[in-house]
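Trainee: This is what each chain is made of:
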Amino acid sequence: MFNMQRWRQITQAGMGAGLETVTPESVTESSRMGNLDFSLRFSGDRRYRHGERFTGQVTATAREPWTVVFAEAILFLRTEGMGNRNEARAGTIELARPGRDIMRTLDAPFEFTAPLAPSTYYGTLIKLHWMVGIYVLGKGSNSQPESIELPELIPGNEGKLVRVSPF
Amino acid sequence: LDYGPDDRNILLDIRSGVNHAQFMIRRPGEPQLSKNAACCLVPISLPFILMPLGVLYMIFVRGGKVEGDMGPIGLAILMGLFLMVGLGIFYAGVKLGLRARGYGAKALSASSAVTLGTVPLDALEWFPKPTKKSGPSLGGGIRINAEATATSTAIGLSVFALLWNGFVGTIFYFMITEEKDSTPIFAKAIFGVMLLAGLSILYAAIHAVARVFLTGETYLDVSKELLSPGETLTWAVIQRGNYPIEAASANLVCRETVRYTVGTDTVTKQEPVRTIELSPPRPSRADPVRPVIEGQIVIPEDAPSSFVMSHNRVEWGIEVELVIPGRPDVKSFFPIRIAPVSRGY
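Going down the list, the protein sequences come from chains A and B. With the numbering used here, letter number 47 in the first sequence gets 59, and the count goes up by one each step, no holes. With the numbering used here, letter number 123 in the second sequence gets 216, and the count goes up by one each step, no holes.
Heads up, some of the hints might be wrong.
[Said to hold, decoys possible] Below, a list of computed lysine to any residue pairs in the SDA-like style, where the Cα atoms sit at most 20 Å apart:
#1 B/K281 to B/W257
#2 A/K139 to B/V366
#3 B/K226 to B/T242
#4 A/K139 to B/E218
#5 B/K362 to A/R97
#6 B/K362 to A/Y134
#7 A/K139 to B/S403
#8 B/K424 to B/E310
#9 A/K139 to B/V346
#10 B/K362 to A/T136
#11 A/K139 to B/Q363
#12 B/K188 to B/V178
#13 B/K222 to B/E240
#14 B/K225 to B/T244
#15 B/K158 to B/V178
#16 B/K424 to B/G232
#17 A/K139 to B/C133
#18 B/K362 to A/T79
#19 B/K226 to B/E387
#20 B/K362 to A/N96
#21 B/K226 to B/R236
#22 B/K222 to A/E99
#23 B/K424 to B/E218
#24 A/K139 to B/R348
#25 B/K222 to A/A100
#26 B/K424 to B/P373
#27 B/K222 to B/V346
#28 B/K362 to A/E64
#29 A/K139 to B/D395
Treat the hints as calculated values from the structure; they're not laboratory data. A quick note: this is a predicted structure, and the numbers were derived from the prediction, not measured.
If we strip away everything but chain B, and leave its shape as in the complex, we get (with noise of 0.2 Å):
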């Protein structure tokens, strides 16, 4: 099976013999699934979703009565949590489940189809697929969002942190409002513990909204995302807002992560491999019409290509710091594609 020079042809290479092909279509960068993996989160989303089924029928249906400090409504609220997991991972496990079990495969005729041909780079599935665009650039190229946009980053925070205060803090308070006081010490310990853990991500989502609404979005504008070695790439970081920056910089970075096993854990290891001072830190103004800093810089013979599968990335991108004054600080990573090979996609 061989790709076309665009997206919109797949070429097949049919030998004697084969009467029709079926192929499914899988978007760059899309991982393959396991059909086990995938049918494993219906059940495990079932208990979440028939548990608070069950609770708020009882309640609300059948008039059951809720005793301690939570009431209906906070007993209700929880049961609602529970069912939002639980609807979540369902419709993942069978979405997920559907694409394993090949939905959306189309049939050919042999005779619709021939070939010779390589596939593109972004059919590859360990090519990273296209760096996200947010817009137009301010030069003519492509603007592209960081690795983890303030935004993002912002809303994940806040909803994990709400998550895991309002699990742990409802348990430890009926712990420690209880009136027989049955609770042993190590349980309030240990969820006193994690109350402290549930307060620095609080203050860490604290931290991500006063990014998006102080500091606001930076961008990277770059002349364009794929390039190969020898190739010169025209960059500029743009800063939303109108304040002073105190240090501004940027390096071109290429890293490697792995992930492995030790034991029961996962470990996930990142270094970076070389690093390519673009801009060292010096004064500059945010502002959404002018770049904070801008530059060009060749890309190395060298260089190797980008490269990402489950447990080893190769990875290039162009990290960016601001220092400012009275506001949170800005450390991001503006993915970028190198390959070995560019012209013609």
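For reference, chain A alone in the conformation it holds in the complex (with noise of 0.2 Å):
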């Protein structure tokens, strides 16, 4: 039975305890959190340069239909070491709309801009992550919310920015 106080206390938190940490050579392969199946592909290597634009995709698969109570994708940063742990998003995609029924298996791309800072860092008192987190939550099926780090965001690229219509 999903606990759907918890799942909204975790999101509306932004990230809260329960994450689970998936290591770079399990990136590909399929995961099974709960009753869904998941299995994450992200462009290139997972480094990226600052201001770069990175996509993805996410495949949640049940065994029989069921309906999304919510779908989201989350880039943020994530600290640790000594100090209190802070967490801060700097992007939300929805995966797929609330209420959208599902045959079984919800195939969703992401798209994210690496932040201009910081920078990953491993530092002396404190460590810098950032992570690409993934929500879904069916009526039906159950998951565990899942993140993943991206090894390194890299200085050296000054962004792009694009501006289509000014207001």
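Starting from two chains that each stand alone, build the complex the way the hints lay out.
Mentor: Here it is, written out as structure tokens:
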């Protein structure tokens, strides 16, 4: 039985406890989280420059038809080390609209722009990680939130700004 | 939600099916507010406001008598202090509460915005806000203040010393002068220790005030305060006044600061993780129009970017130390910002 309140707490608090970090080796492999099987793919080797756009694909499969309660991909940073943990979202992509009926497999792309700062950092008291978190919850199918670390955000790209239409 | 290349444009990526968007403009570095935390301040302020108002009403409107040595004026001053604290907390609660509830949010029609882009550095909540400028520099760059200026330190310590010693001193005075002498000895001992702490705060306040009047404010002139690795920073230390300085030195410092919880306490730990000597200690002279020391430094290619969050910080700055005979010495940290990418902003 999934706990809706717990899920809301996790998403509203911005990636709370309970996230599981998947090692780089397992990224392109499927993993089973609750009643949903996940598969995640990233463009490139998950080492991106600041300002670079990167894409990925999430596949969530259940054994039977299910309805999306929410499905999001989140780019966020997380600190690690001696200090209390800080986390902050840098972007959120809705993978599927709530209420959408899925026969068995949800196949959704996501796209993020790597923020201009800070770079991935391993210091004395502080470590900074950039992560992509996947949150999928379906009626009739349950899952645990999952997050994958981007090995590095690398300095050296000034970013590409395109303004389509001012207002 | 993305931002345009300048702070006048906010660009929204509107997908199909969205009729309107609601957003709130938040200044860079402004903390995200918890509605509950903001609203707690208002009820907390009420006793501080109502109690002194009640006492003042009883004294000056109803003509109540004040017993003891304090007298109506002394009591009115004490109640006035309570009232000021209460009003300050109330104001902060209302202001933060309104912001946390989206006061100032604007509505946009979907057709008014479109976009692609990258959030500018200054709009990232975890990137330090621009260093406060204090005026034009000697060399055409900008003049920045120390992290804690001499004036702000003096004002802060003086107010704190006044409040601390006012409360503790008043209570301690009544304890030792009461006729019945009913105060337990351990209570007197505790307040005695608090009074000693108050005296040390008073000493620090006097020292800080002396630094303002005898030493004067210290500034740092820099070519720019937002740099990226590989860029050259030109800097100069300016000291107000006109007197000899025994030793003036400066270092470029990267420091990490963390806050962590131990039981019910919050502990802060700060550690310099990189120190680059800019100028070794040497004699100089304070002069408002000539630098005490100056130089140039190329920001290291592997410099980590500045980063500020509630419990974790990576900060860059120039640490200046001035040893001055017969006047309070100076040890100040002038923050600058290092970004992995700064071109175009």
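Trainee: The structure should be examined with respect to each hint, and the outcome stated for every one.
Mentor: Hint-by-hint comparison with the structure:
1. A hinted pair counts as satisfied when its Cα atoms are at most 20 Å apart, and B/K281 with B/W257 qualifies at roughly 16 Å.
2. Simply put, A/K139 and B/V366 have alpha-carbon atoms about 13 Å apart, close enough for the 20 Å limit, and the pair holds.
3. Between B/K226 and B/T242 the alpha-carbon distance is near 12 Å, which keeps this suggested pair within the 20 Å criterion.
4. Simply put, A/K139 and B/E218 have alpha-carbon atoms about 18 Å apart, close enough for the 20 Å limit, and the pair holds.
5. A threshold of 20 Å between alpha carbons decides the hint, and for B/K362 with A/R97 the separation of about 14 Å falls inside it, so the pair holds.
6. A distance of roughly 17 Å separates the Cα atoms of B/K362 and A/Y134; the hinted pair therefore holds under the 20 Å criterion.
7. For the proposed pair A/K139 and B/S403, the alpha carbon gap of about 15 Å is at most 20 Å, so the pair holds.
8. Of the pairs offered as hints, the one joining B/K424 and B/E310 holds, with about 11 Å between alpha carbons and a cut-off of 20 Å not exceeded.
9. At most 20 Å may separate the alpha-carbon atoms for a hinted pair to count; A/K139 and B/V346 meet this at roughly 18 Å.
10. For the given pair, B/K362 sits about 11 Å from A/T136 by alpha-carbon distance, which is consistent with the 20 Å threshold.
11. Restraint check for A/K139 and B/Q363: satisfied, since their Cα atoms lie roughly 15 Å apart, inside the 20 Å limit.
12. Between B/K188 and B/V178 the alpha-carbon distance is near 15 Å, which keeps this suggested pair within the 20 Å criterion.
13. A distance of roughly 13 Å separates the Cα atoms of B/K222 and B/E240; the hinted pair therefore holds under the 20 Å criterion.
14. The hinted pair formed by B/K225 and B/T244 meets the criterion: a straight-line CA distance of about 15 Å does not exceed 20 Å.
15. Proximity of B/K158 to B/V178 is assessed by CA-CA distance (about 25 Å); at most 20 Å being required, the pair is judged violated.
16. Between B/K424 and B/G232, the direct Cα distance comes to roughly 23 Å. Violation of the 20 Å bound is thereby established for this hinted pair.
17. Using a Cα cut-off of 20 Å, the hinted pair A/K139 and B/C133 is violated, with the two alpha carbons roughly 33 Å apart.
18. For the hint linking B/K362 to A/T79, the alpha-carbon distance of about 48 Å lies beyond 20 Å, and the restraint is violated.
19. A C-alpha spacing of about 18 Å is found between B/K226 and B/E387, which places the hinted pair at or below 20 Å, so the restraint holds.
20. Between B/K362 and A/N96 the CA atoms are separated by roughly 12 Å; this keeps the pair inside 20 Å, and the hint holds.
21. In summary, the hint linking B/K226 to B/R236 is supported, as the alpha carbons are separated by about 6 Å, within the 20 Å threshold.
22. A C-alpha spacing of about 18 Å is found between B/K222 and A/E99, which places the hinted pair at or below 20 Å, so the restraint holds.
23. Between B/K424 and B/E218 the CA atoms are separated by roughly 29 Å; this puts the pair beyond 20 Å, and the hint is violated.
24. A distance of roughly 13 Å separates the Cα atoms of A/K139 and B/R348; the hinted pair therefore holds under the 20 Å criterion.
25. With a C-alpha separation of about 17 Å, the suggested pair B/K222 and A/A100 falls inside the 20 Å cut-off, and the hint holds.
26. Between the alpha carbons of B/K424 and B/P373 the distance comes to roughly 14 Å, so the proposed pair stays at or under 20 Å and holds.
27. Between B/K222 and B/V346 the CA atoms are separated by roughly 18 Å; this keeps the pair inside 20 Å, and the hint holds.
28. Proximity of B/K362 to A/E64 is assessed by CA-CA distance (about 34 Å); at most 20 Å being required, the pair is judged violated.
29. With a C-alpha separation of about 15 Å, the suggested pairing of A/K139 with B/D395 holds against the 20 Å cut-off.
Violated hints, in rising order: 15, 16, 17, 18, 23, 28; the structure is consistent with all others.
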